[in-house]
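Heads up: the sequence shown begins at 129 in the working numbering, then just goes up one per residue.
Since the hints were made in silico from the structure, they are not lab data.
A hint or two may mislead.
[Unchecked claim] In the DSS-like style, the derived pairs of lysine-lysine whose C-alpha atoms are separated by at most 30 Å in a straight line are: (1) 213 x 269; (2) 273 x 131; (3) 297 x 131; (4) 164 x 132; (5) 219 x 269; (6) 269 x 210; (7) 164 x 269.
Just so you know, these numbers come straight off a predicted model, no measurement behind them.
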Amino acid sequence: MTKKQVTQAILQCNDQGGKAFVPYIMAGDGGLQTLKENILFLQEAGATAIEVGIPFSDPVADGEVIQKAGERALAEGVTLRKVMKELASFKDEVTVPLVIMTYLNPVLSYGLQVIAADCEASGVYGLIVPDLPLEESDLLKDALKDSDVALIQLVSLTSPAERIEAIAKAAEGFIYAVTVNGITGVRSSFTEGLEGHLERLKAASSVPVLAGFGISTPEHVRSLGALADGVIVGSAIVQALHEGDRETVRHLIDASKNQVPNS
Numbered sequence: 129m130t131k132k133q134v135t136q137a138i139l140q141c142n143d144q145g146g147k148a149f150v151p152y153i154m155a156g157d158g159g160l161q162t163l164k165e166n167i168l169f170l171q172e173a174g175a176t177a178i179e180v181g182i183p184f185s186d187p188v189a190d191g192e193v194i195q196k197a198g199e200r201a202l203a204e205g206v207t208l209r210k211v212m213k214e215l216a217s218f219k220d221e222v223t224v225p226l227v228i229m230t231y232l233n234p235v236l237s238y239g240l241q242v243i244a245a246d247c248e249a250s251g252v253y254g255l256i257v258p259d260l261p262l263e264e265s266d267l268l269k270d271a272l273k274d275s276d277v278a279l280i281q282l283v284s285l286t287s288p289a290e291r292i293e294a295i296a297k298a299a300e301g302f303i304y305a306v307t308v309n310g311i312t313g314v315r316s317s318f319t320e321g322l323e324g325h326l327e328r329l330k331a332a333s334s335v336p337v338l339a340g341f342g343i344s345t346p347e348h349v350r351s352l353g354a355l356a357d358g359v360i361v362g363s364a365i366v367q368a369l370h371e372g373d374r375e376t377v378r379h380l381i382d383a384s385k386n387q388v389p390n391s
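Start from the sequences, fold in the hints, and give me the full structure.
What follows is the structure, encoded as structure tokens:
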């Protein structure tokens, strides 16, 4: 199995002179019936891949906007199992890789023995589990080993060099470079040293490096995209979709296009 669907989508975008843009949406915010509509809109607008968040009662990595979206989705009765079933129902209409962001408890409740096959049946080619550190990831990695589903690792700003090397060695799909200290959410600025951090990650990694957390404006997309292979935008996308503001979403995605490839 290749585990390269997401990687190849990012590299193809880079080869065409742009940077990857991966929007995050909360599955079931506004009802599960909005999932297909939002994914097909983001695909049409130019997303490279789409990160689908699963609502959870204790979302330790999520800022206020995504927490509230998760609460709305939980109130609609949305679960990982329901999301997988819904994604499978329109898989043939989706042409970009999907990545699920969830926490460990929903994954274990779903069942390690079936999650890989169900991901593939739903067009999901990556899993991000922010409360599962590399040192404890073997169980899930083993469950995914015979599939095309990549287990995507996050790297924090404070990760020491030896940890970066270990994560880079194990990396699949892409490396999720966290660009702020703390939880997700809109930021006005980023820390000094971020450029060097992203450069070190890119030098160590054999898969693309995407910057995420706090990216909320077209200027952020352009500036951080120039330092990485692409960006992940969450809170700004979630808020715009909640408000029905598709124009803002298009502006964010458009900012990732036609950038000079980062050597």
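Checked hints:
no.: 1; hint: 213 x 269; result: holds, 22 Å
no.: 2; hint: 273 x 131; result: holds, 9 Å
no.: 3; hint: 297 x 131; result: holds, 15 Å
no.: 4; hint: 164 x 132; result: holds, 24 Å
no.: 5; hint: 219 x 269; result: holds, 24 Å
no.: 6; hint: 269 x 210; result: holds, 23 Å
no.: 7; hint: 164 x 269; result: holds, 28 Å
Figure legend: structure checked against the earlier numbered hints; every hint is met.
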